[in-house]
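Undergrad: The primary structure of each chain is shown beneath.
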Amino acid sequence: MMQRFLSAFGWRHEGAANAALLGLPAIWFACLYLAAIGALLITSFWTVDSLSGDLIPGFSFTNFQQLLADPIYTKIGLRTIGIAAAVTITDIVLAWPVAFAMVRLAGPRLRAALMAMVMVPLWSSYLARVYAWRLILAHDGLLNWGLAEIGLPGLHIGYSNWAMWIVFSYLWLPFMILPVAAAVERIPPSLLEASADLGEHGLATFRRVILPMALPGMVAGAIFTFSLTLGDYVTPMLVGGEGSDFIGNVVYSNVGVTNNIPFAAAYAVLPLGVMGVFLLVARRMGAFDAL
Amino acid sequence: MRSEALIWAAVAAIMGFLFIPIVIIIAYAFSAAPIPSWPITSFALHWFSDTWNDDEIRQALALSVEVAALATISAILLGTLAAMAVARMKSAAKEVVSFIAVLPIALPGILTGMALASYFAFWGLNLSYWTIVAGHATFCIVIVYNNVIARLRRMPRSLTEASADLGADAFLTFRRVQLPMMASAIGAGALLAFALSFDEVIVTTFTAGAQNTLPLWIFGAIRLGQKLPEVNVVVFAIILFTAVPVLLAQKLIGESGRVAR
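Protein sequences, first through last, are from chains S and F. In our numbering, each residue's number is its place in the first sequence (first place is 1) plus 873. In our numbering, each residue's number is its place in the second sequence (first place is 1) plus 1233.
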């Protein structure tokens, strides 16, 4: 009886039915995630008692002044954003051949195989893959061994910004391939035929039809490649060298080692701001429909 | 056709780039050397039994499985509810809610971790088992939500209307029409959520107290350069065991595609 009544009520009052469904997840989300972001912003204005290590609530710009006063924090911020951008561009370039071959060239079986080959690294252990690269790029690792075998001098790219660029590009590549492939798939074949009928050859069709139409897919992939790089500290720690700190490393060491949560929170506001702008632009470009 | 051959050559090179590190790490699991170096000169299997008998690793594994299971269960419940609600919404509210809903995976991990750390500090909460679960649940929910909403988008509304016309109430319609259609998407989302939680390290470092999940144990061991042969074995096992649910999830997502078309 009760069920019947609720059901009829929900049918007539859509808003009420939506609220009933959304209630629990919304409460969870607001009370945990959004409130946590709020807490991050609030604590970034707090300070820490230097003797006892206790949090001192309040409203002071001390943390932000400290961040701006020391050029190292600007440098680390720029390094993080720069490498995140380089990784995103690299992944766009590497994703295209795979996405295009998967959707336009491969038959159904090969296509499924390629899909599986992209999915497995995407989900297989992040630490395992970073660690593999640490071993490959190490001084006596596979890379230098291979170079020596073919008579080339060894490279010293282990523990450097180059290593981070390679490893991040490697880690997040599947996140770019999937949305780009999905975007290419959505382009109606008739458009490509029309382009050919109008006398365009392959490359021109790619540049003037396929590329612009797949833009939302690329932006959707960029959300992941950029954001995942921006928010990492494990890879810099394991394959970056001395002086290759990311924003994340500063945040992590301030929480874990010095226990200065307000300072860490203040520095974390930088990636929050960068990603906020990025996501709003991405939404304008239709990336959220391509997620 | 020359351009096609060029594209295929590039694809082969990129696939090599994707898989060489995975092959390498698998090979190292069988290396006898206590400190990994290349080329591998001698092989041994005893690291497997050593790893299996290591109590620290066993405890970390048990914790990781428990956390991933709890996070996945909450994700199934909350993620499915959220997807059903958003799928019913009108466009304006839908846009806002679907934008906010993906934030936990669209924003950098360091941010989620830091936000949770300051939130728990804000309330004076000590980090524990439950703070790890809560942290993992936030992004696991999004994974289930994404899979279910993708399915619901392809599911014609007329089916639930037909069910109502035939006299079923909302609960019966849910049980007999909506749930069976969503089931494989929920399953795929749950598998992926479990895999993600099981592998997560960045958020976990901010939400774990003294506890070690398996990724935290691996991270610590690599950083300190200790027990590297055991790290090789653990990592090999993880790759092996995550490939299965991921390929299964892929199959579950694919099946629906055929039904919908």
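Note that these hints are calculated values from the structure, not bench results. Bear in mind that the values here come from a model prediction, so they are computed numbers and not experimental data. One or more hints might be untrue.
Said to hold, decoys possible - FRET-style restraints, in silico, Cβ to Cβ: (1) S:Leu1153 x F:Ala1302: 33 to 43 Å; (2) S:Arg1156 x F:Glu1237: 52 to 62 Å; (3) S:Met1086 x F:Trp1285: 24 to 34 Å; (4) F:Phe1250 x S:Leu1084: 43 to 53 Å; (5) F:Glu1289 x S:Arg1080: 49 to 59 Å; (6) S:Pro981 x F:Phe1250: 18 to 28 Å; (7) F:Ala1246 x S:Arg1156: 45 to 55 Å; (8) F:Pro1267 x S:Leu1064: 31 to 41 Å; (9) F:Ser1275 x S:Glu1073: 58 to 68 Å; (10) S:Gly1114 x F:Ala1245: 27 to 37 Å; (11) S:Ala903 x F:Ser1391: 27 to 37 Å.
Note that CB positions come from ideal geometry on N, CA and C, so glycine has one too.
Undergrad: Compare the structure with each hint and give your call.
TA: Taking the hints in turn, this is what the structure says about them:
| no. | hint | in the structure |
| --- | --- | --- |
| 1 | S:Leu1153 x F:Ala1302: 33 to 43 Å | holds (36 Å) |
| 2 | S:Arg1156 x F:Glu1237: 52 to 62 Å | violated (36 Å) |
| 3 | S:Met1086 x F:Trp1285: 24 to 34 Å | violated (52 Å) |
| 4 | F:Phe1250 x S:Leu1084: 43 to 53 Å | violated (23 Å) |
| 5 | F:Glu1289 x S:Arg1080: 49 to 59 Å | holds (55 Å) |
| 6 | S:Pro981 x F:Phe1250: 18 to 28 Å | holds (25 Å) |
| 7 | F:Ala1246 x S:Arg1156: 45 to 55 Å | violated (34 Å) |
| 8 | F:Pro1267 x S:Leu1064: 31 to 41 Å | violated (59 Å) |
| 9 | F:Ser1275 x S:Glu1073: 58 to 68 Å | holds (59 Å) |
| 10 | S:Gly1114 x F:Ala1245: 27 to 37 Å | holds (32 Å) |
| 11 | S:Ala903 x F:Ser1391: 27 to 37 Å | holds (33 Å) |
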